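Chain residues, written in single-letter form:
Protein chains: 2
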Amino acid sequence: MKRRAFLKAAAGSAAVAAIVAKPAIAQGLRKWRMVTTWPKNLPGLGTGAQYFADQVTKCSGGRLTVQLFAAGEIVPAFESIDAVKSGTVEMGHGCPYYWKGKAPAAEFVSNFPFGLTAQEYNAWYYYGGGDKLCDELYDQAFGCKYLACGNTGVQHPGWSRKEVKTLDDFRGLKIRMPGLGGEVMKRLGATVVNLPGGEVGPALASGTIDWVEWNNPYGEASMGFHRHAKYYYTPGWHEPGTVLELFINKQQWDGLEPDLKAIVEQCAFSTNVVMLSEFQARSGPVMQQFITQHGVQLRRLTDEQLKKIGEASGEVISEITKADPMSKKVFDSMNKIRGEQKIYSTTTEFDYFHARSLDFKWPA
Amino acid sequence: MKRRAFLKAAAGSAAVAAIVAKPAIAQGLRKWRMVTTWPKNLPGLGTGAQYFADQVTKCSGGRLTVQLFAAGEIVPAFESIDAVKSGTVEMGHGCPYYWKGKAPAAEFVSNFPFGLTAQEYNAWYYYGGGDKLCDELYDQAFGCKYLACGNTGVQHPGWSRKEVKTLDDFRGLKIRMPGLGGEVMKRLGATVVNLPGGEVGPALASGTIDWVEWNNPYGEASMGFHRHAKYYYTPGWHEPGTVLELFINKQQWDGLEPDLKAIVEQCAFSTNVVMLSEFQARSGPVMQQFITQHGVQLRRLTDEQLKKIGEASGEVISEITKADPMSKKVFDSMNKIRGEQKIYSTTTEFDYFHARSLDFKWPA
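Heads up: the protein sequence lines correspond to chains A and B, in order.
Heads up: the first sequence begins at 1 in the numbering used here, then just goes up one per residue.
Heads up: the second sequence begins at 1 in the numbering used here, then just goes up one per residue.
Be aware that one or more of the hints could be misleading.
Computed footprint of chain A on chain B, listed as stretches where at least three residues anywhere in the stretch have a Cβ under 8 Å from a Cβ of chain A [what the hints assert, rightly or not]:
#1 134 to 143
#2 227 to 241
#3 276 to 288
#4 298 to 312
#5 331 to 345
#6 357 to 364
In short, the hints are calculated from the structure, not lab data.
It should be emphasised that the depicted structure is a prediction, and the values quoted were computed from it without experimental measurement.
The beta carbon of each residue, even a glycine, is placed where N, CA and C say it ideally should be.
Turn these sequences into a full structure, and let the hints guide you.
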């Protein structure tokens, strides 16, 4: 090596040595803590959040390591967004409607009764201005960046110990159904009770409550509701596609390198479809088992019941949107897509499922 | 700087200099060319492929730059997979059924008549062994890695100049419908014609053909079919959720660093939901315009027609799966999920769309 080249290289090497000596963050090695509102590896929700964390760590080659914490490990579930807002942790995974006490519009970000299916929600989020509107709300209300990160699909409205045949049968029925759905049931005369997750199964078993709403067959199987309530109701008017969210401390998000931002986004969007796929894949066989092995009786709410429930849902929504401008803004934006999709979703998904359900010879 | 430290640093710097002197690929800077079977920025398909390419480039911070080439720019559309197999280019984006001439099972990877919706396909792909099975087929048949990368959603079976009221009305009808759907229509007595994309519109306008199948309102609007054919049919029995694919030269894939592999996967999965969302978001309003502004008449195939079409679909599928073991393997795997999802999809999506379509008062 000639002297001149040697000196030049040495000068460069000093810069290299300086970089190596800096702490991890200056090398671009970040470790983010993600609190969640779920128990560790809760089927679908916890496993989906873990999928997201693992994928970000992989895609970034360890430059951004995301470590998942179950509810209660750092903060209780319902303090997650405060922990992210204050910067105690960098990010969280939960469900928007948990934060409605802090910002009523968050309930609509989750979806609303008689609202959008997962596919329609995604149409709104990616191509209907939903992403910007959610960002606006989460920035203002929580100092967070929002990313859609999972969906339960259409839920089932619940398990009942009693058969509900008419509208009158809802009167006095003791129902565990949170959120807007519960508000609607109150207007039909039901007694709506809130219970922590752990008490729901025993309350149904003892008859303290008559009806339990949870989410979908995969999520419900481990709760054992099918052992205590014989009637399983459809359709899921109350939660037609509940969205799961990622909330990221805004300062941390703004300070992220552009490639890491892109990775977090892409992994959130991938998780959005992967989590829904897990619910769909696992719920199908569980649903069959409920019916064929556990003697569960499938019941559909009647059109008369559904129309009344639909009208009450509209009233509950109108009261909230009249009182809170941001709720109105979010609802109006989603309601526009709802109107635009009505014919299309009917001529595609709905008509197709009808066609496939007809009785014709098919390869085994 | 002390002499010893200086020498040590200089030795390190020699290694740095050697790295800088190496060509781009040795620094981990890769430039991949992605051929597509679409015209540049074709609504939904071309724009979706571009989204994928851009996201990989962003997420990798330019370590893996994906440059998109429209059909014909490097190779004609239907030679794309050969160009990837031979290593002329690194990757491609297309639709599996284009390769059925080389491997009949590829047709099933796209989906099949009376098969899975997008959501059910994803359940199969991510949690029903679909990913491994597709990889097996693409490795054996094309020397490629497969990744699901987009979906059209439930398609519409077509535009007709003539109203088709009974099964007999299909006899002699000149139909443009490719793939398994076309095979099925032949068995109902239709005359099935294949035409290149550019000739389809004029052939419908002149009455050379009576019926055109394409994909969905968003994709069809620019083709102008609504100006030549008054009747728009549902439901999309023939293509309930056609999948778009990424095929990557296997050697190139195997040589990719683990973080870049994860990035390509996550961006493909993200595109899987983002592309479907674009079709959904844009098709809703276009569908409304067809009916309210262009006088398009919506028509549903009757249950009698659909049952006969369903039976014929099963026969066509059975003939292929009897002749080709890999087709049987793929179909059996998807058909298992189809069976498992039937009740669940009915009690969720189907029952929900029914509930939402009822006539009740709703906030404007």
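Problem - Cβ contact check, 8 Å cutoff: the segment 298 to 312 of chain B against chain A, three residues minimum - result: n = 9 at 8 Å, threshold three: holds.
Problem - Verdict on chain A covering the segment 227 to 241 of chain B, criterion of 3 CB contacts below 8 Å - result: With 5 residues close enough to chain A, the hint holds.
Exercise for the section: With a C-beta cutoff of 8 Å, work out whether three or more residues of the segment 276 to 288 of chain B approach chain A closely enough for the coverage to hold. Expected result: With 11 residues in contact (Cβ-Cβ under 8 Å with chain A), the coverage given for the segment 276 to 288 of chain B holds.
Problem - chain A covers the segment 357 to 364 of chain B, three or more CB atoms within 8 Å, holds or violated - result: holds (count 7)
Problem - Verdict on chain A covering the segment 134 to 143 of chain B, criterion of 3 CB contacts below 8 Å - result: violated (count 0)
Exercise for the section: Three residues minimum, CB to CB under 8 Å: does the segment 331 to 345 of chain B make the cut for coverage by chain A? Let me know. Expected result: With 9 residues in contact (Cβ-Cβ under 8 Å with chain A), the coverage given for the segment 331 to 345 of chain B holds.
Checked against the numbered hints given earlier, this structure breaks only hint 1.
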